[in-house]
Amino acid sequence: MTSGLSAALAIAKKDIVTQFRKKFEIFSMFLFALIAVIAFSFAVVSGGSVPAEVGSALLWVIIFFTGMFGFAPIFLSESETGTLRGLATAPIPAWSVYLGKVFYGFVLMGIVEVFLVPIISVLFGFSILNDPLLAFGTIAVGTLDLAAVGSMASALSMPSESKSTVFPLVYFPTATSGLMLLIELTKIVVLGSGAVVIGAGLTVLLIFDILLAHLIAMLTLSASVFHFALSP
Amino acid sequence: MSRNRLIILGITAAISLLYIYMTWIFAPPDVQLGEDVRIFFQHVAPALVAYGLFGGTLLCGIMYLWKGEMKYDIIGAVTIKLGLLFTTITLLTGMMWANAAWHSYWNWDPRETTTLILWIAYACILAYRASVSDRESRAQFGSIFGIVAFPMVLLSYLSIRIWDTLHPIVIEPTGLNMEVEHMMTLFVAMIAMTLIGLILVDLTYRIDLANEKLMRIRMERS
Numbered sequence: 001m002t003s004g005l006s007a008a009l010a011i012a013k014k015d016i017v018t019q020f021r022k023k024f025e026i027f028s029m030f031l032f033a034l035i036a037v038i039a040f041s042f043a044v045v046s047g048g049s050v051p052a053e054v055g056s057a058l059l060w061v062i063i064f065f066t067g068m069f070g071f072a073p074i075f076l077s078e079s080e081t082g083t084l085r086g087l088a089t090a091p092i093p094a095w096s097v098y099l100g101k102v103f104y105g106f107v108l109m110g111i112v113e114v115f116l117v118p119i120i121s122v123l124f125g126f127s128i129l130n131d132p133l134l135a136f137g138t139i140a141v142g143t144l145d146l147a148a149v150g151s152m153a154s155a156l157s158m159p160s161e162s163k164s165t166v167f168p169l170v171y172f173p174t175a176t177s178g179l180m181l182l183i184e185l186t187k188i189v190v191l192g193s194g195a196v197v198i199g200a201g202l203t204v205l206l207i208f209d210i211l212l213a214h215l216i217a218m219l220t221l222s223a224s225v226f227h228f229a230l231s232p
Numbered sequence: 001m002s003r004n005r006l007i008i009l010g011i012t013a014a015i016s017l018l019y020i021y022m023t024w025i026f027a028p029p030d031v032q033l034g035e036d037v038r039i040f041f042q043h044v045a046p047a048l049v050a051y052g053l054f055g056g057t058l059l060c061g062i063m064y065l066w067k068g069e070m071k072y073d074i075i076g077a078v079t080i081k082l083g084l085l086f087t088t089i090t091l092l093t094g095m096m097w098a099n100a101a102w103h104s105y106w107n108w109d110p111r112e113t114t115t116l117i118l119w120i121a122y123a124c125i126l127a128y129r130a131s132v133s134d135r136e137s138r139a140q141f142g143s144i145f146g147i148v149a150f151p152m153v154l155l156s157y158l159s160i161r162i163w164d165t166l167h168p169i170v171i172e173p174t175g176l177n178m179e180v181e182h183m184m185t186l187f188v189a190m191i192a193m194t195l196i197g198l199i200l201v202d203l204t205y206r207i208d209l210a211n212e213k214l215m216r217i218r219m220e221r222s
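Each protein sequence line maps, in turn, to chains A and B. When the count follows the working numbering, it moves up by one through the first sequence with no breaks and lands on 232 for the last residue. When the count follows the working numbering, it moves up by one through the second sequence with no breaks and lands on 222 for the last residue.
Mixed in with the good hints there might be a few duds.
Unchecked claim - Output of the computed footprint for chain A on chain B, the stretches with three or more beta carbons under 8 Å from beta carbons of chain A: (1) 113-121; (2) 139-147.
Claimed, not checked - Below, a list of computed lysine to aspartate or glutamate pairs in the DMTMM-like style, where the Cα atoms sit at most 25 Å apart: (3) A/K163 with B/D36; (4) A/K163 with A/D209; (5) B/K81 with A/E161; (6) B/K71 with A/E161.
In short, the hints are calculated from the structure, not lab data. Beta carbons: idealized from backbone N, C-alpha and C, even for Gly.
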């Protein structure tokens with residue numbers, strides 16, 4: 001267990017180091033996000049401002065799309081350079097390879113979000129600091145959830161013939177369920193729990209729990225079937 | 001066609017006739033919905049069958065990865081196709097009902113949205129499977145995809161409890177929240193739809209199996 005975890009951390013560290021050597025990828029993800037902000041602004045800005053509930057929802061939509069650039073190469077680059085065989089034959093459990101890639105995706109996306117979230121919240125005019133604890137919890141769990149789905153999607157798109165077309169096909173449908181919950185939670189953070197209509201008898205905590213359950217389900221499902229993705 | 005299949009087909013036909021009789025003649029008009037209530041059975045029964053079929057995709061995925069037999073993968077693909085068919089019926093009848101009850105075909109109700117996402121997700125699995133040409137990898141990776149897509153089914157089922165919705169919550173912990181006649185009709189509708197679903201699974205499975213064999217023979221010849 002501990003050796004698997006340390007192997008996962010080693011893989012994540014290796015990927016982060018290689019990522020920092022070729023800085024342009026993080027930067028281009030960030031630029032893509034900014035372009036998305038501008039593109040969405042054409043659709044939603046009316047009278048010089050954006051309704052807070054629309055802006056806070058767009059935050060996640062933009063992160064979701066930016067994930068496409070960050071998560072797609074996670075395994076595709078390994079299979080292109082031929083290092084995947086090395087990972088598959090390494091004397092470590094398959095789930096630690098998956099977990100390492102999830103950590104890497106989380107850190108990569110986290111670095112982009114550190115810059116992105118403040119900029120979007122200023123441009124779209126909403127504040128996530130009404131409930132900092134819930135806001136950071138949501139962002140952390142949400143990013144981990146997207147990274148978990150994205151790594152799996154990247155692994156699944158390896159055997160396909162048209163890899164770049166197929167990645168969104170795998171990533172979008174599996175990530176949308178988490179996205180819906182994330183948008184709901186962020187709306188609650190921005191507008192306050194009284195302003196958002198949620199089902200009777202449901203609390204913010206329960207939605208957060210469902211999100212957490214989604215993350216855990218995704219991680220365990222993917223980790224437990226991952227050795228099948230590495231074997232061929 | 002074997003004798004057993006014919007018997008099952010006969011039973012299904014009988015129950016389906018009973019189902020038609022019960023939905024259109026037996027079931028009394030609802031207090032609030034009036035005659036519109038008749039679409040309810042055509043809406044709920046396919047929805048539950050579709051959830052069941054997607055559950056079958058999950059099971060077949062697990063079984064394929066566990067046993068490695070190609071038949072599980074073929075059944076898995078069949079359940080996706082038929083699940084899509086039943087989800088389409090659910091969406092269409094839901095839209096008809098929505099137009100009758102809320103005067104608009106589409107209301108972006110959480111359950112409508114999640115069901116549409118469900119449809120898209122499983123259609124994506126089909127498209128994904130088509131993009132993998134190697135048969136073994138298609139089975140293996142398709143099974144994995146079928147497993148990791150399942151949380152969406154749960155979310156679609158739970159969506160009316162998570163979000164404030166126009167959808168009535170019919171199944172409550174204390175029991176079904178409806179009239180006895182409607183309950184009976186829904187029960188018969190469920191049995192009929194499930195049997196129709198199972199027969200379709202059987203037929204499609206045999207067609208796909210034959211196709212698979214044909215492909216293998218062609219590969220060997222060429």
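* Find the hints from earlier in the document that the structure breaks and name them by number, from lowest to highest. => 3, 4
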